[in-house]
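Asks: Sequence:
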Amino acid sequence: MEVDFIVFSTGIRPRDKLATQCGLSVAQRGGIVINDSCQTSDPDIYAIGECASWNNRVYGLVAPGYKMAQVAVDHILGRENAFEGADLSAKLKLLGVDVGGIGDAHGRTPGARSYVYLDESKEVYKRLIVSQDNKTLLGAVLVGDTSDYGNLLQLVLNAIELPENPDSLILPSHAGSGKPSIGVDKLPDSAQICSCFDVTKGDLIAAINKGCHTVAALKAETKAGTGCGGCIPLVTQVLNAELAKQGIEVNNNLCEHFAYSRQELFHLIRVEGIKTFEELLAKHGKGYGCEVCKPTVGSLLASCWNEYILKPQHTPLQDTNDNFLANIQKDGTYSVIPRSAGGEITPEGLVAVGRIAREFNLYTKITGSQRIGLFGAQKDDLPEIWRQLIEAGFETGHAYAKALRMAKTCVGSTWCRYGVGDSVGFGVELENRYKGIRTPHKMKFGVSGCTRECAEAQGKDVGIIATEKGWNLYVCGNGGMKPRHADLLAADLDRETLIKYLDRFMMFYIRTADKLTRTAPWLDNLEGGIDYLKSVIIDDKLGLNEHLEEEMARLRAAVICEWTETVNTPAAQVRFKHFINSDKRDPNVQVVPEREQHRPATPYERIPVTLVEENA
Numbered sequence: 001m002e003v004d005f006i007v008f009s010t011g012i013r014p015r016d017k018l019a020t021q022c023g024l025s026v027a028q029r030g031g032i033v034i035n036d037s038c039q040t041s042d043p044d045i046y047a048i049g050e051c052a053s054w055n056n057r058v059y060g061l062v063a064p065g066y067k068m069a070q071v072a073v074d075h076i077l078g079r080e081n082a083f084e085g086a087d088l089s090a091k092l093k094l095l096g097v098d099v100g101g102i103g104d105a106h107g108r109t110p111g112a113r114s115y116v117y118l119d120e121s122k123e124v125y126k127r128l129i130v131s132q133d134n135k136t137l138l139g140a141v142l143v144g145d146t147s148d149y150g151n152l153l154q155l156v157l158n159a160i161e162l163p164e165n166p167d168s169l170i171l172p173s174h175a176g177s178g179k180p181s182i183g184v185d186k187l188p189d190s191a192q193i194c195s196c197f198d199v200t201k202g203d204l205i206a207a208i209n210k211g212c213h214t215v216a217a218l219k220a221e222t223k224a225g226t227g228c229g230g231c232i233p234l235v236t237q238v239l240n241a242e243l244a245k246q247g248i249e250v251n252n253n254l255c256e257h258f259a260y261s262r263q264e265l266f267h268l269i270r271v272e273g274i275k276t277f278e279e280l281l282a283k284h285g286k287g288y289g290c291e292v293c294k295p296t297v298g299s300l301l302a303s304c305w306n307e308y309i310l311k312p313q314h315t316p317l318q319d320t321n322d323n324f325l326a327n328i329q330k331d332g333t334y335s336v337i338p339r340s341a342g343g344e345i346t347p348e349g350l351v352a353v354g355r356i357a358r359e360f361n362l363y364t365k366i367t368g369s370q371r372i373g374l375f376g377a378q379k380d381d382l383p384e385i386w387r388q389l390i391e392a393g394f395e396t397g398h399a400y401a402k403a404l405r406m407a408k409t410c411v412g413s414t415w416c417r418y419g420v421g422d423s424v425g426f427g428v429e430l431e432n433r434y435k436g437i438r439t440p441h442k443m444k445f446g447v448s449g450c451t452r453e454c455a456e457a458q459g460k461d462v463g464i465i466a467t468e469k470g471w472n473l474y475v476c477g478n479g480g481m482k483p484r485h486a487d488l489l490a491a492d493l494d495r496e497t498l499i500k501y502l503d504r505f506m507m508f509y510i511r512t513a514d515k516l517t518r519t520a521p522w523l524d525n526l527e528g529g530i531d532y533l534k535s536v537i538i539d540d541k542l543g544l545n546e547h548l549e550e551e552m553a554r555l556r557a558a559v560i561c562e563w564t565e566t567v568n569t570p571a572a573q574v575r576f577k578h579f580i581n582s583d584k585r586d587p588n589v590q591v592v593p594e595r596e597q598h599r600p601a602t603p604y605e606r607i608p609v610t611l612v613e614e615n616a
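Under UniProt numbering, the sequence shown has 252 at position 252, and the numbering climbs by one with no breaks.
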């Protein structure tokens with residue numbers, strides 16, 4: 001298309017209509033006028049963020065908004081504080097391109113000089129603006145590669161003297177002996193590391209001295225890195241430097257029996273084809289193992305080979321729930337949760353579940369995972385309950401396993417007038433694709449048919465939301481004790497591409513996460529965060545994607561229904577007897593009626609149990 005010129009509409013426009021209607025002063029170019037205390041022309045009304053205009057300037061970044069909020073709160077509480085402007089440096093992604101601007105990016109300082117690096121083949125442009133004496137960095141522009149942003153920002157904010165050749169700061173490492181590092185030791189304690197939450201180096205050091213010895217712990221304590229995430233590399237550098245000063249060695253060995261991390265053990269098992277705990281211990285460990293390494297290695301073996309976990313060589317490695325393929329409850333009974341992929345179940349299936357629940361006197365409830373949970377099963381009843389469920393067409397839901405629990409779905413475009421995608425169909429497909437694959441911790445999926453988000457996908461380990469152009473893929477959300485909003489990995493994907501990305505994501509998580517680590521803290525501790533994850537999953541930065549897809553295909557091919565295998569293996573059913581030398585049931589299980597069902601008796605409701613010896 002031939003055109004004479006192109007107009008880009010950029011920036012923000014303050015939404016100040018309400019203020020105008022209320023008679024508050026509004027700046028000539030928009031924005032509610034505020035003073036240094038963030039008060040408007042009505043001193044009882046404060047304005048902060050993108051709607052506010054301070055000295056005829058509107059700030060469209062999050063960091064100034066946080067600073068204004070602190071000033072406003074301090075003024076309301078009678079504390080001394082004033083807004084004096086904010087650093088407008090920013091690192092963003094515009095139209096798919098990484099860009100960064102720092103300080104005097106336009107070189108307007110009198111006497112300023114510039115250094116420029118341009119790589120047209122890689123579409124990378126970098127420009128440094130330095131003082132006339134070459135000793136002070138005044139600003140920078142980064143396009144296509146923002147990996148130097150953190151270091152350059154600290155040079156500007158803290159007026160750190162530049163190296164003899166300032167251009168070495170932006171030249172690629174292959175152009176010389178490598179880039180000079182400013183070193184976090186050179187930064188004063190007052191240096192701002194996280195501009196989003198105004199966290200200084202001193203704040204981080206104080207948290208480290210209190211015992212925060214991981215990036216995730218520092219994030220939780222100080223909030224550094226929980227905004228845009230751009231400061232994570234510097235946060236990591238400060239952490240490592242301080243731990244080294246204190247003589248603290250970060251030991252990520254699995255336990256005293258294995259001088260390897262979980263990730264290293266995964267690679268040893270894969271590369272050497274190790275199939276049992278005994279073989280791994282003999283080759284790479286010592287002692288007899290413990291309650292830490294046994295279940296971890298059991299999970300690793302399952303993640304590598306996906307063999308039946310109740311094989312004699314694997315049984316001693318399983319924790320309580322995996323040992324009996326069911327979740328133990330507070331009264332010693334177990335739950336039974338058959339799979340209802342995507343929350344879908346037929347009328348015949350409902351009837352069968354109801355009949356079985358009635359026969360075995362089980363409490364029934366729809367769980368938060370859109371499945372029917374049957375509670376109160378005695379251990380010796382589990383094989384028969386599952387035999388009947390399997391005959392009715394059900395299979396294990398892996399509610400007991402560190403694996404995919406479910407793919408929660410809304411009704412989607414099939415029924416909902418707002419839906420733009422078949423969320424149920426896609427959710428069923430994904431749940432059946434990844435069921436039974438052991439992961440470092442449990443995983444939950446959510447698939448929503450539109451942006452109304454009825455399946456709460458953005459609070460799941462994997463969230464998928466239909467758009468007019470395809471599907472948005474979110475990862476590493478969490479709705480547990482520390483809720484975390486999932487991050488957008490890729491947008492407007494077709495189903496085939498999304499599944500390919502998901503295969504890679506799952507296997508990369510399985511390979512690299514520490515023991516019992518959910519995807520949310522895994523991503524929080526991943527250096528480079530979501531940007532690094534995108535480079536691995538989408539751009540194949542590590543050259544692993546073909547291998548990750550092949551590994552996923554092998555695991556999927558080995559998946560079995562563990563309860564079907566158990567029901568068809570008489571020897572495996574022996575372990576479900578409550579007493580090895582008797583057919584008696586557990587006499588301690590007591591229930592009381594409630595809401596037309598029953599529940600476990602409380603300590604005050606229990607009837608004392610007396611064991612009476614039978615006459616010979």
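None of these hints come from the bench; they were simulated from the model.
Heads up, a few of these hints could be off.
With a straight-line Cα cutoff of 20 Å, these simulated EDC-like cross-link-like pairs (lysine to aspartate or glutamate) come out [what the hints assert, rightly or not]: (1) 469 / 494; (2) 500 / 540; (3) 584 / 291; (4) 93 / 133; (5) 223 / 531; (6) 379 / 456; (7) 311 / 291; (8) 135 / 98; (9) 294 / 531; (10) 91 / 189; (11) 541 / 167; (12) 17 / 44.
Across the chosen pairs, the derived CB separations fall in these ranges [unchecked claim]: (13) 244 / 271: 27 to 35 Å; (14) 244 / 556: 40 to 48 Å; (15) 243 / 608: 51 to 59 Å; (16) 556 / 15: 45 to 53 Å; (17) 15 / 599: 47 to 55 Å; (18) 123 / 1: 18 to 26 Å; (19) 556 / 123: 17 to 25 Å.
Beta carbons are placed, not taken as given, at the ideal position from N, Cα and C, and that holds for glycine.
Asks: Against the structure, test the hints numbered earlier, and report the numbers of the ones violated in rising order.
Replies: Numbers 3, 4, 6, 8, 9, 10, 11 and 19, in rising order.
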